[in-house]
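J.: Here's the letter readout for the chains.
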Amino acid sequence: MTCDEAEILLHALIDGELDAGHAREVEDHIAGCPRCTAQLAAYREMSKAIAGADLRYAAPPQLRRRIEASLPQTRTPNRRSVLKGFAMGSAVSAIAATGLFAILLHDGDDQRIMSEVVSAHLRSLQAGHLTDVVSTDQHTVKPWFNGKLDVSPPVIDLTAQGFALIGGRLDYVDARAIGAIVYRRRAHVINLFVAQTPGTERHAAKTETIQGFNIRRWSDRGLNYWAVSDLAADELAEFGEKFEAAMKGSGAG
Amino acid sequence: MPGRWIEAGRAREFSTEAKQRAMPVNAANDDPERARRFRDAALPHLDDVYSLARYLLRDANDAEDAVQECYLRALKHFDGYRGPAMKPWLFAILRNVCHAEFARRASSPTAAIEDVTEDSEQTPLWRETQETPEAQLLRRRDATTIRRFVIGLDEPFRETFVLREIHNLSYREIADIVEAPVGTVMSRLARARALLRAAWLAEEEPSK
Chain A
92 MTCDEAEILL HALIDGELDA GHAREVEDHI AGCPRCTAQL AAYREMSKAI
142 AGADLRYAAP PQLRRRIEAS LPQTRTPNRR SVLKGFAMGS AVSAIAATGL
192 FAILLHDGDD QRIMSEVVSA HLRSLQAGHL TDVVSTDQHT VKPWFNGKLD
242 VSPPVIDLTA QGFALIGGRL DYVDARAIGA IVYRRRAHVI NLFVAQTPGT
292 ERHAAKTETI QGFNIRRWSD RGLNYWAVSD LAADELAEFG EKFEAAMKGS
342 GAG
Chain B
61 MPGRWIEAGR AREFSTEAKQ RAMPVNAAND DPERARRFRD AALPHLDDVY
111 SLARYLLRDA NDAEDAVQEC YLRALKHFDG YRGPAMKPWL FAILRNVCHA
161 EFARRASSPT AAIEDVTEDS EQTPLWRETQ ETPEAQLLRR RDATTIRRFV
211 IGLDEPFRET FVLREIHNLS YREIADIVEA PVGTVMSRLA RARALLRAAW
261 LAEEEPSK
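Those protein sequence lines, which keep their order, are chains A and B. Each residue of the first sequence is one higher than the one before, starting from 92 at the first, in the working numbering. Each residue of the second sequence is one higher than the one before, starting from 61 at the first, in the working numbering.
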């Protein structure tokens, strides 16, 4: 093998694109060639530096909204489609069917939005849809939302209170991107969704039931919270209370 | 609307069109179940698609328009989608959209395409690499600076580099997207890395 050949193939070696035979040939050449050895080291170093820096650009929230709005709307799921979704996810739901959604929305049709919340909850339970970022550390989950949303969702670890933080996700409710923070209570999954609302007044929590899911909703400091769960209403209330208490305690999001 | 996205990408100007048009939804597209499947499959890749558009077009506004056009076309052709994986498929569509934008820029009197010719693609690598001492260590750079180096690469090296180093595609996937043999992908990547390293080393001096 010549240096000219090796100079190109060493990149394939770095990228793990060579089969064992070719990799061996390149390595043999490099072992006997100080110049190619230096090249390989130099490019390995550069690839490492590049891999260590996140060079991706995040899509601006307005672009996400524009594209979301341009897609045919998945309308308010009617009873039948919700039931279908439930049947599909029932194996999963059986072990993990708690959702807490905290949503900040401008205004809008409460009932329709609550249906969308239930729908988003069902979607999240399908395999691979629960979290985009997996972490038990609130300081990892919170920054992950930066640049993805026009609001910074509060991420609070409630592990000590019996609700473990497991990650975060982007979801869509009311044709808007919304942050979902995911918790787990025993075998039950909990989603926390966040968006923005112009109002800043506080509304005490109310609980409703849609399609067998409990929804707990409250508003505080410019945020509307929606909790959805198949847990008993009292356990959902416990989550809501502990979340609100922790928010007060932290003094921030 | 043309039914074949590859051809559709070649001649159209998306940048003004995409804004004015409210992305019409025809009857075939107006199926909530299909829209949901498309959403679930395609939207998780939005950051990747946008990111590639930024690197290809080197302009944030053009990138947004290209991505929107890309998703519009992807939705139109979603029924015929049988693979590859969703991300490379979206990338291939985006690339065609971007090429339409290049064509628009080329025809506009104030802008020009900086694509290098085939000749310079054949330049032996050693000419660049010999100019820089291989043993020299790269100074640590923040993401913004490295992005600037990448943006500074000429096509087709930038495209190949971004697909490999930033989006982690395999040589095969890249070859399919850029419609070139794997060997070409390999040599472009080698050249791209040589150029990038040269730019990186050149900035070692406290310049600016």
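Rather than coming from a laboratory, the hints here were simulated on the basis of the structure. The C-beta atom is built at its ideal place from N, Cα and C for all residues, glycine as well. Hints may be right or wrong, so weigh each one.
[Unchecked claim] Reference listing, derived: stretches of chain B covered by chain A, where coverage requires no fewer than 3 residues with Cβ under 8 Å from a Cβ of chain A:
no., region
1, 101-113
2, 198-204
[Stated by the list, open to error] With a cut-off of at most 30 Å between alpha-carbon atoms, the simulated BS3-like pairs for lysine-lysine come out as follows:
no., chain 1, residue 1, chain 2, residue 2
3, B, Lys147, A, Lys139
4, B, Lys147, A, Lys339
5, B, Lys136, A, Lys233
6, B, Lys136, A, Lys239
7, A, Lys297, A, Lys333
J.: Holds or violated: are the alpha carbons of B:Lys147 and A:Lys339 at most 30 Å from each other?
T.: Violated, at roughly 42 Å.
J.: Verify the proposed pairing of B:Lys136 with A:Lys239, using a straight-line Cα cut of 30 Å.
T.: 26 Å, holds
J.: Counting residues of the region 198-204 of chain B that have a beta-carbon nearer than 8 Å to any beta-carbon of chain A, does the count reach 3?
T.: holds (count 5)
J.: Taken at face value, is the distance from the CA of A:Lys333 to the CA of A:Lys297 at most 30 Å?
T.: Answer holds: A:Lys297 to A:Lys333 is near 15 Å, not above 30 Å.
J.: Can you tell me if the region 101-113 of chain B counts as covered by chain A, using C-beta to C-beta distances under 8 Å and a minimum of three residues?
T.: Coverage by chain A holds for the region 101-113 of chain B (8 residues, Cβ < 8 Å).
J.: Please verify whether B:Lys147 and A:Lys139 have alpha carbons no more than 30 Å apart.
T.: Holds, because 23 Å separates the two Cα atoms, which is no more than 30 Å.
J.: What's the verdict on B:Lys136 and A:Lys233, does the C-alpha distance respect the 30 Å limit or exceed it?
T.: 35 Å, violated
Violation of the numbered hints given earlier is confined to hints 4, 5; the remaining hints are satisfied by the structure.
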